[in-house]
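S.K.: Residue strings, one per chain:
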Amino acid sequence: MIVGMICGYLLKEKKKILQISEKMTTAIIFILLFMLGIGVGLNKKVISSIDTIGWQATAITLGSILGSVIFAFITFKLFFASKNEK
Amino acid sequence: MKSSLIILMFFAIGLVLGLSRFVPSFFIENDLTMYILYALMFFVGIGIGSDTKAFKVIKETKIKIILVPICVIVGSLLGAGAVSFLFSEMNPREAMAVGAGFGYYSLSSIFITKISGEFLGTVALLSNIMRELITLVATPILVKYFGSLAGIASGGATSMDSTLPIITEYTGKEWGIISIFSGIVLTIIVPFLVPFILS
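Line order of the protein sequences matches chains A and B.
31 is the number that the numbering used here gives to position 31 of the first sequence; each next residue is one higher, with no gaps.
173 is the number that the numbering used here gives to position 173 of the second sequence; each next residue is one higher, with no gaps.
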């Protein structure tokens, strides 16, 4: 990844190459998630506990959103609120 | 929004193939995902390295902008960790790793699958897609009660692209730069933070 970052920095003017790299990223993500789907489908343990997975995912999402929002609210009050009063 | 549907579609097609056992044995015997993951890291690296926007934004605005992504990191990890105590079968570290996806569902779920297996990987995929969807729906309410940073915080890594329009619509254009900055920082951190938490 660091090799990629250095390449990216050096290539930042070469728009064509960057576009190709972006498309490759998207394509690879699709392939990997497709394979994750296959893996999940083949995994009986995951399939039989799909409801647990759903509940856990929902709980974690709500927890992390709430946590982030509370911290952001404190920061907003302490450091950014004056910007709003203009 | 569109891309999360496409991603879910790929996942669903794979799921159906796996369920129907309609998978060439070559696929199961040879685990190619590790090499594909290396390639992905390389390309993600190119994307990050070529994007110098984040540095420009720090120079243009005051240093306090860095507090925004820090809030999201601390808040997400603590929130996810706290929730894990409600479930006997979930351990706090795994929950925090899922929370550390910050809505970047593609990369975080791939990493978590590789390190902790398909169960937690699926939790991560669903949870982080939900984070994007909830932000799209709840930003107006969050901003009303928790101030102008709430949408950016809820969006996490998505606040730089998919949830940016809704954030600027309800908090104002002047928050756009902060939103993009926070999203970029969180996007860069995901591939480091998730393996670190699980290691």
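Everything labelled a hint here was simulated from the structure, so no lab data went into it.
Among the hints, a few may not be true.
[Stated by the list, open to error] Below 25 Å or equal to it, Euclidean Cα-Cα: the simulated DSS-like pairs (lysine-lysine) are:
#, chain 1, residue 1, chain 2, residue 2
1, B, 144, A, 77
2, B, 173, B, 64
3, B, 64, A, 77
[Claimed, not checked] Which residues of chain B face chain A? A few of them, derived with a C-beta cut under 8 Å, are:
#, residue
4, 17
5, 41
6, 131
7, 146
We put the beta carbon where it would ideally sit given N, CA and C, even for glycine.
S.K.: Now look at each hint and say whether the structure bears it out.
M.R.: Taking the hints in turn, this is what the structure says about them:
1. 144/B <-> 77/A: Holds - the C-alpha atoms of residue 77/A and residue 144/B are around 14 Å apart, at most 25 Å.
2. 173/B <-> 64/B: Given pair residue 173/B, residue 64/B holds - Cα atoms ~18 Å apart, limit 25 Å.
3. 64/B <-> 77/A: Holds. Residue 64/B to residue 77/A sits at ~13 Å (cutoff 25 Å).
4. 17: Holds, about 5 Å.
5. 41: Interface hint status for residue 41/B: holds (4 Å vs cutoff 8 Å).
6. 131: holds (5 Å)
7. 146: holds (4 Å)
When each numbered hint is compared with the structure, no violation occurs for any of them.
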